[in-house]
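Chains A and B, in that order, give the protein sequences. Whatever position you read off the first sequence (first residue = 1), add 365 for our numbering. Whatever position you read off the second sequence (first residue = 1), add 2 for our numbering.
Simulated from the structure, these hints should not be mistaken for laboratory data. There may be inaccurate statements among the hints.
What the hints assert, rightly or not - Covered stretches of chain B, as calculated for chain A (at least 3 residues, CB under 8 Å):
{"no.": "1", "segment": "42 to 50"}
{"no.": "2", "segment": "103 to 110"}
{"no.": "3", "segment": "113 to 124"}
{"no.": "4", "segment": "172 to 180"}
{"no.": "5", "segment": "192 to 203"}
To be verified - A short list of chain B residues far from chain A (calculated; beta carbon distances all over 10 Å):
{"no.": "6", "residue": "8"}
{"no.": "7", "residue": "37"}
{"no.": "8", "residue": "61"}
{"no.": "9", "residue": "66"}
{"no.": "10", "residue": "69"}
{"no.": "11", "residue": "72"}
{"no.": "12", "residue": "95"}
{"no.": "13", "residue": "98"}
{"no.": "14", "residue": "137"}
{"no.": "15", "residue": "150"}
{"no.": "16", "residue": "158"}
{"no.": "17", "residue": "160"}
We treat Cβ as the ideally placed atom computed from N, Cα and C, and that holds for glycine.
Residues per chain are reported as follows:
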Amino acid sequence: MKRLEPRHWIFVGLFVAIGCTMLLKIPLEIPITDQTQKMYDYIESLPEGSPLIISFDHEASSLPEIKPIALSILRHAFRKGHKLIGVALYAEGTLIGYRLMQETAAEYDREYGRDYAYLGFRPQYIAAILSMGESLEQTFPQDYLGNDFQDIEMLRTIGNYDDVAGVISIADGSLTTHWIEYGGGRYDVRILAGVTAAMVTTYDPYVASGQLNALVAGLRGAAEYEKLIDREGGGNRGMLAQSTAHLYVIVLIIIGNVAYFRSRRKGRG
Amino acid sequence: MDIGTLVAGLLTLAVLSFLYRDNPVYKMAESLLIGVSIGYFLVVTWESTLMDTMFEPLFAGDDFWLLLPLLLGLLMFARFGRRVAWLAKIPIGFLIGSGAGVAIPAMLYARTIKQMSATVVPLTTSSGWPDISGIVVLVGVITTITYFYFSREHEGVLGRSAKIGTYFLMVFFGATFGFTVMSRMSTFIGRMEFLLTDFLGLMY
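Extracted from the complex, chain B is given alone in its bound form (with noise of 0.2 Å):
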């Protein structure tokens, strides 16, 4: 066995003790993946970002427009002096318009028109039968919809709406709780065959 192998087996094992209760065993675990993916995750930053990015093709004397994100970069520390501290909010309202610039209309198109273009569905199939389906989401969409509408009291035929649109939502909620516990078995079951093959070696 390597020690790769004796290592991960023995963390793997260190996590699982969590199980019967807290321990300082799963607390090394613990406090070492968070360690560990800090660590690795300022060291990719730095050498694929600030290296790749920013120092090598200035020192190089390519791009000297990179000072400017430079210094919009460095100006986010002037939040630690008190009498500078409003020079962050220069990077800050960059951020903030350039984002919301890029964001809007792209979800705008992506998650409203797109989808609602997607509930505008033939309510009958090319036989003139209803198509079940089809029905399903027009419902559902216009259900769970008037379930959120809160600018008047639920009651009438938008409270009886509103109830079937929760019936909705608790099949979404279903779905979503089941295909979790799903993920979180897989994950288990990709550790437990790591532990009987690599690590036991009772599984080939």
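Isolated chain A, as found in the complex (with noise of 0.2 Å):
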């Protein structure tokens, strides 16, 4: 047995940390920041049955993070009975796009084809974006399911991004930018964000600039959601932990430096 190294009982303290936590269960005191509330406020301004697409960007990996996001986001609009399109950019985010719609529909009665829709992935998504700037029936001719576009009730009157809205991109990377760069610079279609906590500054500048509508952001992000739907979820559960690993993390950094600070002093001497 390989003698355990100071790297492994780093590990072992967050696992211990994050472990501990965790089985507490300390609700957390979380205040709402703006842009989470802008997003809430968007989605609770719009008229019952307005149609808005989300767009599944990401990949499986990012999942613990996303999905908190998706399935807040998902239950408000839903609750409040607006008409979701369901699309995605990234292959590997087809079928959980899919499962978190039929999830959070079936919570509150959502009927497929009436109140909701999924059309699946495109590839190549900057030509996807500005093929349904032009047209949604053109770009996805039939559903993930394979129903034709027309026999779909709710997408009857769907032309292009005109039919609805807003865009609600659901991204672990950049194809956010994208959706700001073609849909809302190109169409004009509004565009909001729920992204993994990585992309916060990439988007920041979008937010200032007024291009990017709302942004939820991360796991505080789904956390302050779920706090606003009134409806505890992943986000909220995780919010312990996350605090007690950032301290973790500060505490070992203050203690790096301590040590590399005195190994130099050493080192003159």
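Build the complex from these two chains, which are given one at a time in their own frames, with help from the hints.
Take a look at the structure:
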């Protein structure tokens, strides 16, 4: 058996810190940030039955962070009675998006074809975004289940972006940027996003310029949204563990810096 | 426990075993992930691209113009033959030309014009006080751009401005690192939640 190195003890410490705090189940008081509130207010302000495109622009690896965000936004939109059109611009997000929509629609007794539809995946995301701006039917002649576009009741009145209230991109990478550049820039459709925390600094300039209308970011954003819709989920449950993990990383950074400066001083001596 | 949860739990543990050291169990899980991802991607692409948008409409006799992109696509494979390799330049040229034509105006508008106009903000509030956030944006943009100005040596005013620019860049890198740590921790917490609830049943 190999002798444990310092990095192994760091991992063990992280396991113990996160595991223990998850078992404790202490709820944290989470203040709502402006951007999460904006997303909530926008969905809330739309008249019942407004069509919204939900674009699942993520891969399976980011699911632990993306799922709580997607679930809380979908729950809110279904609860308000909006008509949701699901699409996927990453192949890996296709089935995940369908499952998430199915799961949340069932919670609110929403019916496929009448209250929501899932159009599936189209490759070449820029071409797909531009094509949807011309005609959703031409881009997706059939839905994910193989039904013809015109056979789906709620889609008969949808031509292109002019007929939807906005696009919500659920993303773990830079795909929302393409929605902003091509969907928002060229077709003037309102773009909102739910993204992983790692992407916040990428999208902040777009939020500041008003090109991105709302941004729900990371597990923290999911926890805020769950609070707004008064429905506990993965975001809320993970917040104490995340705060503990952050404190743990801060302590490690301080210890590392102190050790570095001490060793440097010793070296000089 | 259903078979899906059992497989997912065991694979999660297999991946986490890398934290101790590289081992065959981790390698197996990694290879499985790559294989399944590529397989899934190929099936989805075949179904939703080639079948839905190419072969089905073509065989139904709906749109013979589809032969043109099909031909261009097939010409890509000309690269494998030495004598006909030049034919691949036709679809590549088409891709580069159309791609640049579509991207340049959109990116100029969204990334340059709109972003520049967002930095033109009032430097005072409606009550006449200095608007700190507006001033920070202005100073940040100017000093960071001077850092990337390489046509003159960074001395004097330019040097001092570039130096301030590096501090803004460091704040950006720090924020990005912090958010990335947050993101990775969230992923780990998600897997821990799965292990503790669905897999081990220690938490409900």
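Verification of the hints:
no.: 1; hint: 42 to 50; verdict: holds (count 5)
no.: 2; hint: 103 to 110; verdict: holds (count 4)
no.: 3; hint: 113 to 124; verdict: holds (count 5)
no.: 4; hint: 172 to 180; verdict: holds (count 3)
no.: 5; hint: 192 to 203; verdict: holds (count 6)
no.: 6; hint: 8; verdict: holds, 18 Å
no.: 7; hint: 37; verdict: holds, 14 Å
no.: 8; hint: 61; verdict: holds, 14 Å
no.: 9; hint: 66; verdict: holds, 17 Å
no.: 10; hint: 69; verdict: holds, 18 Å
no.: 11; hint: 72; verdict: holds, 15 Å
no.: 12; hint: 95; verdict: holds, 17 Å
no.: 13; hint: 98; verdict: holds, 14 Å
no.: 14; hint: 137; verdict: holds, 15 Å
no.: 15; hint: 150; verdict: holds, 16 Å
no.: 16; hint: 158; verdict: holds, 30 Å
no.: 17; hint: 160; verdict: holds, 25 Å
This entry satisfies every hint, going by the numbered hints stated previously.
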